Amino acid sequence: MSGSVMNILLCGVGGQGVLLASEILTGAAMDSGRDVKKSEVHGMAQRGGAVTSHVRWGEIVHSPLIEEGQADVILSFEPGEALRWSHYLKPGGVIVTAETPIYSVLVSAGFEEYPGDVVGQLEKRCGRLFTVDAMGEAREAGSARAANTLLLGMLSPFTDIPEEIWRKAVAERVPPKTVEVNLEAFARGRKLAGE
1451 MSGSVMNILL CGVGGQGVLL ASEILTGAAM DSGRDVKKSE VHGMAQRGGA VTSHVRWGEI
1511 VHSPLIEEGQ ADVILSFEPG EALRWSHYLK PGGVIVTAET PIYSVLVSAG FEEYPGDVVG
1571 QLEKRCGRLF TVDAMGEARE AGSARAANTL LLGMLSPFTD IPEEIWRKAV AERVPPKTVE
1631 VNLEAFARGR KLAGE
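My numbering puts the sequence shown at residues 1451 to 1645.
Note that these hints are calculated values from the structure, not bench results. Predicted model, so just to flag it, every value in this text is computed and none were measured. Mixed in with the good hints there might be a few duds.
Said to hold, decoys possible - Subject to a maximum C-alpha distance of 25 Å in a straight line, what follows is the list of computed BS3-like cross-link-like pairs (lysine-lysine):
{"hint": "1", "residue 1": "LYS1487", "residue 2": "LYS1540"}
{"hint": "2", "residue 1": "LYS1618", "residue 2": "LYS1487"}
{"hint": "3", "residue 1": "LYS1641", "residue 2": "LYS1618"}
Assemble the whole structure, with the sequences as input and the hints as a guide.
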């Protein structure tokens, strides 16, 4: 926690469920009685572009934006995005990231290069790094599409929000037919973070 405010930066690319994860996180923080502020940047999300969301909570939060070097946790759905936003992490902060790279159109077309040794670079920049095959683990829980809730499960132990409030926030915000698989993915992520 940065003082009395918790700062979490979510990042990924369009189509990965970053915005739904942000809604669940915001809901869980509000349900636990916090003042919560959120800011999102969609960019070229529909075309696989970068998506970020700043989520801050505490007794009183005045701004939705996290200052550089102040994020307690970066929750990344794509490792290159974790690296791109790692300068927002505070010293000793935590990064939780999916392992699978998703190449942008510019990288695929040869106009840009995907960074090399992303995990090695992240290890140098953060206090604690947790990487996971999010889609594979979510598939084991019942659906690869639940990778976002699996990652939230991994994030959850780094907050002071009780597990039952997290589970309620997930159940209330995912599509009704997917509640069970999303709760299973969340539980699996939470367990992975504890190992």
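Okay, the hints, checked on the actual structure:
A threshold of 25 Å between alpha carbons decides the hint, and for LYS1487 with LYS1540 the separation of about 19 Å falls inside it, so the pair holds. A hinted pair counts as satisfied when its Cα atoms are at most 25 Å apart, and LYS1618 with LYS1487 qualifies at roughly 20 Å. Of the supplied pair hints, the one linking LYS1641 and LYS1618 holds, its CA atoms being roughly 18 Å apart against a limit of 25 Å.
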